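Enquirer: With chain A's structure known, arrange chain B on it following the hints.
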Amino acid sequence: MTMAPESGTDQIGSPRLRKEDARLITGQTEWTDNIRQTGMLHVAFRRSPHAHARIVSVDTSAALQQPGVVAAYSGADFAAEQGSLPCAWPVTEDMLLPDHPPMAVDEVRYVGEAVACVVARDAYAAADALEALDVEFEPLPAVIDMESALAEDSPLVHAGSGQGQGANKAFEWPMASGDVDSAFDGADVVVTRRYHQQRLIPAAMEPRSVVCRPDGDSFTLWSATQVPHIVRLMLAMSTGVPEHKIRVIAPDVGGGFGSKLQVTAEEVLALLLARRLRKPVKWTETRTEGFQTTHHGRDQIQDVSIAADSDGRIRGLKVDLLADMGAYMMLVTPGVPILGAFMFPGIYKMDAYAFHCTGVFTTKMPTDAYRGAGRPEATYAIERIVTELAEEIGMDPMELRRRNWITHEEFPHTGVAGLTYDSGNYEAATDRAVELFDYDGLRAEQRRRRESGDPVQLGIGISTYTEMCGLAPSRVLGQLSYGAGGWENASVRMLPTGKVEVVTGTSPHGQGHVTSWSQIVADRLGVPFEDVEVLHGDTRVAPKGMDTYGSRSLVVGGTAVVEACDRVLDKARRLAAHMMEADEGDLEFSDGRFTVRGTERPSTSMQEVALAAFAAHDLPEGAEASLDADATFDPENFSYPHGTHLCAVEVDTETGDVSLRSYTAVDDVGTVVNPLIVDGQVHGGLAQGIAQALFEEAAYDSDGNLVTSTMADYPVPTAADLPDFTLDRTTTPATTNPLGTKGVGEAGTIASTPAVVGAVVDALRPFGVRDLRMPCTPQRVWRAVAEAREAGRSEGGQR
Amino acid sequence: MPHIRVTVDGVSYDDQVEARRLLVHYLREELGKIGTPVGCDTTNCGACTVLMDGHSVKSCSVLACQADGHDVTTVEALAADGDLHPIQRAFHEFHALQCGYCTPGMMMAALDLLRDNPDPSDDEIRQGLEGNMCRCTGYVNIVRAVREAAAAMSETAAAPESEPRATGVPPQMVREQEPAPHAASGGASS
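Those protein sequences? They're chains A and B, same order as listed. Numbers 67 to 865, taken from the numbering used here, label the letters of the first sequence in order. Numbers 125 to 314, taken from the numbering used here, label the letters of the second sequence in order.
In case anyone wonders, no lab produced these hints; they're calculated from the structure. Values in this document were obtained by computation on a predicted structure and should not be read as measured data. Check the hints yourself; a few may be wrong.
[Claimed, not checked] Counterexamples of contact, computed for chain B against chain A with all Cβ distances above 10 Å:
1) H127
2) I128
3) K157
[Stated by the list, open to error] The following label-pair restraints were derived from C-beta to C-beta distances:
4) A:R344 <-> B:S185: 53 to 63 Å
5) B:E279 <-> A:A681: 46 to 56 Å
6) B:P126 <-> A:P221: 45 to 55 Å
7) A:T104 <-> B:P126: 26 to 36 Å
8) A:D504 <-> B:Q190: 50 to 60 Å
9) A:T104 <-> B:Q190: 45 to 55 Å
10) A:G519 <-> B:D247: 23 to 33 Å
11) A:A550 <-> B:Q190: 30 to 40 Å
12) A:T258 <-> B:D247: 36 to 46 Å
13) B:D205 <-> A:G306: 44 to 54 Å
All C-beta atoms, glycine included, are put in the ideal place defined by N, C-alpha and C.
Chain A extracted, bound-state conformation (with noise of 0.2 Å):
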């Protein structure tokens, strides 16, 4: 099925198959948790069963008589070293950042909080053990609701916080942009909606896992971290232990989404229980531990309103946003939502637009970045409610949208929000997915159903995107109070047999960097595919790089292998010359060969060069021995993936059953290097998107227990549960990097959520249904319909 060239050029482009995979399809993998040390010891946790407890007392004496046991301790036993969990993006002055020991010392704030650990020779026995830890608590209420958090009376999360009543409030952050007031008071029509973002797990196949040896006065910590970069500075800023010695290696690490992007409790436990018994350690933890103590996704509450002419022309934008960040900040959480903020006026051209968002403490694990982090929330706000206005006014859902979006001719275009989307065509994805997608068959086919009072109704939803990714400016990182830059580095040796060696600051779990690097290599370098091997994922091997998340890893870390690539072309070229004794500028590099431009001399290969820069026997004046290079990259700007996705439903009205009868995406993720990839990528970001829609939920009761504590409670979807999907893309590259990319890992996550659930609630407007929470479950949808019908608002057979 691939056809490959068989040289080095013309790579990018070829569907190459994944050289990751002949490892992971024979079992020979290297996860965290098949780590395996001589004399490791197993750490298990104790954990909160309150949402909100005093530590009245906790009593280690038992459990370190049971067998295998070798030590236990309270969250005290270590106050005084274990400093507190980073936040890395405190995005206003005022904000509050309490304190977050990684084991609770006096209080617990989630269901799942650390308040001691056992460390046993086996995993067993320190299971065992737990059962013996006598923990005395004394249960405080509980805050779950984000808006009677903010009531005067609510309890508080953080009691301790110096702040007075209200104190749940964790930050304000505003931006206005325009003048609102009177874009409102100027319009035709003004659409209000409330959406909710319920909170996602975000449920890596790959439980996490870490292991830290002690090596001396030194550590190895190995972490199924997507972000080993991170963790290693992170680490040596809270433990004091210095960075240098500190090696973080992320092996194979099974799926991220976010999730394995911070800097958790359990990587520094590991690393001070290891100091302390200088021994090994080992954590992995079990399903319902991940789902209870990994950070969830999501959580907002999004009013929203639009303001637009008669003829659809949207003038304003208003977005009040209470984002959940849970008993913590954890290493960007108060920075979602303010990535969000940026994205939701979406691909439309507008005068004014208004956002506020208040951050809000709640006793539930805390919130972080994932699959899209903020931008599928804003997606999902914008895509709705263009659809409803396009309803309230009468227009055709597609129609709107071109009369408003930034058209192809207007690239580069400042928005109302302030970013600057470079390129984009919004035509081209939306004629071609119209066209894969039968819109006007499909439309003709709802008509029929609704006027022959079908109790299936077919629903059609659309969603034309854009994000931002490639995180990415430094400068943009630093105005917006990132703690850290947003550049990416990569070096390029070639070896003296002439094979290639990358090192990458990036930091894969599934995304192909390893094909996709040597595919950018080889066409650069001009050698086989098959030459290049590319080293990431351990900071001694890969010490300089930001790892990956954001849709960065391609657009920021691939550009700085390209730069690497032309920084080696450069020296050997130079070294060529004087070995072909031609004028530099003579040469032609093609196919990885050498030419003097015009003669009929003998060609000299990349391979031959690499060989006499190592010998170094005769190099050029002031040229040093060896070819490599290393660049680091920091773009001027985002990246602008777009596209228009659109999805048919069936809904049974009289079960509430939500089919997905058709599913079109048709994305610009600029130029693609690997089509394979890029398909795969979007296809499971899609099933993210979708599963958002219909059927993912963290549900937390009245008490603050989480009741989706399992993967027999939360519903990650099945084979069973998904369709195929139509792709296709069109290709606008980015101006801001030479490889013209966009970044694809969020885009079928980002995009899919508002179609699916716009599909769902399309075919249920004749009932008058307007708006649906997500997940739009069969009781979900039959109990609105019900309501409908009770209310008598049914309008079957009307459009």
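Expert: Showing chain B alone in chain A's frame:
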């Protein structure tokens, strides 16, 4: 501790195991068969799926002592001498894996599915893999790969030299392997 005799990937083991020891932990911790990962504690995700006498089981819900007298096949027995099994080849060629964590279990479940139904429809594949979760692929390419593997395996099965093994596992499911020395250590280290 109960005594068990179990064949794993063609090698026989006589062992003492704790009565409560799960098969997946026995495979991973004691035999070093780390190709089978653990994904959940509730038999929902299917990452730990292995074959027992040719039928898929979730090895996190089977006690090691229940495997006494049985023939267990893990992902590590599918390929021999670098010669990939058709299911492995299909997963590779159709990009049916990303992070790869669900992949061993997914392939083993697919083998059981194809054993019962050598020519499944896409719907039957989707239903057949309902006990295995993937968070990366959206399943599209997994379904394609299983369909392709079915075709490849039916060709292999039609070849005259293929004969069913005594275990009832079609020959293409388990490749003959030299009995390996007791695979004890396993596990990657630094």
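Enquirer: Which of the stated hints cannot be reconciled with the structure, identified by number in ascending sequence?
Expert: Those not satisfied are hints 3, 4, 9, 11.
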